[in-house]
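There are 2 protein chains.
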Amino acid sequence: MFGQNENEILPLATAVAGRDLDRDDLEEVFARAAWSGIAEPGDGTAGAVVARLGAATALRAVLGPWPVSEFSARLREAGADDVSDDQVHAALERWAPRAGAPDAVGALRQAARVGARLLLPTDALWPVGIDDLGSHAPLALWVRGTDDALIALPRAMALVGARAATGYGEHITMEASAGLVDRGYAIVSGAAYGIDGMAHRAALASNGHTVAFLAGGVDRFYPSGHDALLTRIAETGAVISELPCGQAPTKWRFLQRNRLIAAASIATVVLEAGWRSGSLNTAAHATTLGRPLGAVPGPVTSAASAGCHRLIRDYTAVCVTNPDEMAALAPLAPAPSALDRAESEDTGPDGRGAELTRLLDALSVRSPRVVSDVAARAGMSLAAVRALLGSLELDGAVAERERGWVKTPAGR
Amino acid sequence: MFGQNENEILPLATAVAGRDLDRDDLEEVFARAAWSGIAEPGDGTAGAVVARLGAATALRAVLGPWPVSEFSARLREAGADDVSDDQVHAALERWAPRAGAPDAVGALRQAARVGARLLLPTDALWPVGIDDLGSHAPLALWVRGTDDALIALPRAMALVGARAATGYGEHITMEASAGLVDRGYAIVSGAAYGIDGMAHRAALASNGHTVAFLAGGVDRFYPSGHDALLTRIAETGAVISELPCGQAPTKWRFLQRNRLIAAASIATVVLEAGWRSGSLNTAAHATTLGRPLGAVPGPVTSAASAGCHRLIRDYTAVCVTNPDEMAALAPLAPAPSALDRAESEDTGPDGRGAELTRLLDALSVRSPRVVSDVAARAGMSLAAVRALLGSLELDGAVAERERGWVKTPAGR
Chain A
1 MFGQNENEIL
11 PLATAVAGRD
21 LDRDDLEEVF
31 ARAAWSGIAE
41 PGDGTAGAVV
51 ARLGAATALR
61 AVLGPWPVSE
71 FSARLREAGA
81 DDVSDDQVHA
91 ALERWAPRAG
101 APDAVGALRQ
111 AARVGARLLL
121 PTDALWPVGI
131 DDLGSHAPLA
141 LWVRGTDDAL
151 IALPRAMALV
161 GARAATGYGE
171 HITMEASAGL
181 VDRGYAIVSG
191 AAYGIDGMAH
201 RAALASNGHT
211 VAFLAGGVDR
221 FYPSGHDALL
231 TRIAETGAVI
241 SELPCGQAPT
251 KWRFLQRNRL
261 IAAASIATVV
271 LEAGWRSGSL
281 NTAAHATTLG
291 RPLGAVPGPV
301 TSAASAGCHR
311 LIRDYTAVCV
321 TNPDEMAALA
331 PLAPAPSALD
341 RAESEDTGPD
351 GRGAELTRLL
361 DALSVRSPRV
371 VSDVAARAGM
381 SLAAVRALLG
391 SLELDGAVAE
401 RERGWVKTPA
411 GR
Chain B
413 MFGQNENEIL
423 PLATAVAGRD
433 LDRDDLEEVF
443 ARAAWSGIAE
453 PGDGTAGAVV
463 ARLGAATALR
473 AVLGPWPVSE
483 FSARLREAGA
493 DDVSDDQVHA
503 ALERWAPRAG
513 APDAVGALRQ
523 AARVGARLLL
533 PTDALWPVGI
543 DDLGSHAPLA
553 LWVRGTDDAL
563 IALPRAMALV
573 GARAATGYGE
583 HITMEASAGL
593 VDRGYAIVSG
603 AAYGIDGMAH
613 RAALASNGHT
623 VAFLAGGVDR
633 FYPSGHDALL
643 TRIAETGAVI
653 SELPCGQAPT
663 KWRFLQRNRL
673 IAAASIATVV
683 LEAGWRSGSL
693 NTAAHATTLG
703 RPLGAVPGPV
713 TSAASAGCHR
723 LIRDYTAVCV
733 TNPDEMAALA
743 PLAPAPSALD
753 RAESEDTGPD
763 GRGAELTRLL
773 DALSVRSPRV
783 VSDVAARAGM
793 SLAAVRALLG
803 SLELDGAVAE
813 RERGWVKTPA
823 GR
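Residue numbers (the numbering used here), protein chains in the order written: chain A, 1 to 412; chain B, 413 to 824.
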């Protein structure tokens with residue numbers, strides 16, 4: 001499976017996964033990384049095959065390549081009666097040209113170089129909303145950014161709109177983004193010029209969490225004019241793509257990227273959009289996923305608002321005119337305390353409650369401890385420790401000091 | 413019933429009714445004229461009492477005054493089990509002070525002086541939509557204007573909005589009114605400053621039919637700054653009130669006037685309205701009556717559009733951005749030919765079909781005849797002849813020449 005680069009792969013995969021990997025983990029990480037470059041975003045056959053056979057076995061099948069008949073037989077054995085022989089045949093033909101191990105190794109090398117990491121659906125930080133995409137969900141996500149931003153995604157509102165924004169559109173986007181951050185929301189968008197860029201900028205200016213989903217690899221920011229903005233987002237928020245490093249954005253990938261924006265957020269608001277704006281595609285994804293959809297009206301004399309009016313008139317978007325009305329689309333429950341959650345959740349040895357207990361056991365009230373020390377004491381991955389520390393910090397149960405983390409009296 | 417002015421009343425009533433009156437007609441016209449000054453607009457008890465006893469008997473009861481017990485007994489006899497003794501008692505107390513004959517005579521005198529006429533619910537030109545108000549319908553309507561405008565009411569769209577309109581609001585109102593006239597609609601509004609005034613002006617400029625409903629008598633136009641505008645509307649369109657001449661507009665009467673705007677139109681569109689604009693009251697009446705309601709969005713930064721957004725967001729108003737979308741609220745059927753209607757309607761001696769036949773019999777293809785001549789030949793009222801001629805002219809069945817009306821080959 002690993003080709004000629006086997007020795008290089010373990011350290012690379014460990015780096016991008018952010019945790020120690022046993023042989024199975026390594027195969028899973030490598031296979032998911034490879035699949036993210038083999039299947040185009042939204043390839044439902046890839047989603048079904050990987051779900052049935054596992055990423056590693058499915059990759060071996062493509063690399064083999066297994067004969068169609070054997071592939072189909074194995075799929076049926078695994079209970080996949082929704083994938084026909086014809087689909088397998090067609091899929092193998094489109095996957096084969098991209099299935100060489102070198103591509104995956106190159107993507108891992110580049111990811112390690114730019115500090116990107118690979119999230120798998122089993123990771124604690126995997127955005128839960130994404131799973132609503134079913135077999136069209138990405139097989140992995142490449143991320144440059146902070147754990148805090150990923151943890152904030154279940155409280156994220158997508159603010160999207162046209163690249164050709166007017167002064168009016170930029171103004172209301174700034175108000176919306178800052179107002180939603182003030183109300184506890186994170187802001188998701190697509191980092192495009194116009195409305196998207198303003199949504200990210202205003203969130204950053206309000207010290208909010210903001211997450212950009214890209215249509216190409218996270219190693220080369222697109223659009224290039226937003227390189228500085230995306231660098232800032234990666235520092236305090238997160239920049240995410242389902243495509244591996246080195247991949248260029250295409251028309252198809254933009255449309256598929258839009259489904260991630262809609263799925264990762266609890267609601268989508270379109271702030272300004274022409275009659276055929278791409279943001280209407282994001283709106284359609286939100287509606288398909290059953291996510292609340294809002295649109296901001298504007299002057300009927302402005303072509304840049306025609307798409308918003310169309311959404312309100314014909315596609316049941318709610319007319320929203322200020323951050324309060326946007327927040328009402330998907331009200332936030334008072335942030336549940338991580339401690340409360342621990343009590344109400346599985347407290348078995350693998351449950352989140354157990355991890356919380358072990359994490360708090362691993363912390364001291366007096367002696368600050370660095371994350372790697374805490375992870376070793378708790379027997380948990382660095383990523384899981386970081387995620388839970390972020391969550392507990394919001395609850396005031398832990399605090400970060402100059403030389404590491406401590407638990408507060410509330411965390412005892 | 414007529415008090416000391418009996419001799420003056422017949423010629424006055426004949427003039428405002430626009431037709432010859434026998435004794436019963438005269439009593440009905442006089443009683444309705446009196447009632448329009450006795451009961452405040454929307455007085456449901458007055459509506460119920462007049463519907464049960466007839467306007468003349470009900471007026472005698474008030475003038476009597478009959479004892480409450482007798483009044484109630486007569487109402488029950490007439491099948492009115494929806495009016496309690498308490499309601500009759502309270503109603504007699506509020507009606508009595510206004511029930512003197514001199515008030516009604518004064519209103520008739522003033523109406524005759526300004527050329528206003530009195531429409532009764534039985535008149536051919538009575539706006540049919542008004543009847544949907546049930547017992548809250550006006551008992552009579554005072555009109556200054558043309559038959560054509562009254563005939564056009566079943567094709568009328570109400571365009572309403574704030575007095576404090578912005579340049580944006582006035583612009584979109586002008587486009588809406590002119591665009592709807594181009595599509596065959598008449599325009600109803602309330603003649604107020606701002607949106608209402610612009611709706612009327614643009615309709616006049618497009619040679620459309622426009623009708624203004626006032627909250628006071630049609631003898632003194634309100635607001636006074638719109639005296640010239642209302643004079644123009646009365647010349648080519650119609651100015652209508654349920655209050656007799658001499659009555660001043662009041663807050664209550666404005667609110668009740670709004671129900672007439674909503675009821676007389678096939679749909680209502682709010683073009684610009686603040687959060688508490690009176691036009692939201694018209695919108696509420698439209699919704700209560702089951703009439704389609706539209707609202708035009710605007711910049712969310714404009715307080716003058718906040719009421720429109722509220723209607724779209726909370727009151728199921730349709731978001732409409734141009735005349736096509738407004739027209740879609742209540743599409744016009746292709747104008748039915750009066751001749752087609754005649755064929756499908758009652759052709760007995762009292763039916764509309766019979767009147768059409770008599771009217772066409774009374775016209776010549778070659779010799780133009782004036783309306784009074786046609787009325788005499790057909791044995792019909794002047795008003796009925798005018799109404800039918802207007803309708804037939806739209807169908808191309810009759811035409812007006814310099815010296816009167818002729819029928820065309822289509823009308824033979």
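Just so you know, these hints were derived from the structure itself, not from any lab. Small disclaimer: the values here were computed from a predicted structure and weren't measured. Incorrect hints may appear among the rest.
[What the hints assert, rightly or not] Partner residues are not named here, just some residues of chain B that face chain A (Cβ under 7 Å, in silico):
(1) V708
(2) P711
(3) I724
(4) T728
[Unchecked claim] Calculated Cβ distances over 10 Å to all of chain B for the following chain A residues:
(5) S224
(6) R313
(7) V370
Note that CB positions come from ideal geometry on N, CA and C, so glycine has one too.
Inset, instruction - Return the numbers of the hints above that this structure violates; sort them in rising order. - result: 4, 6
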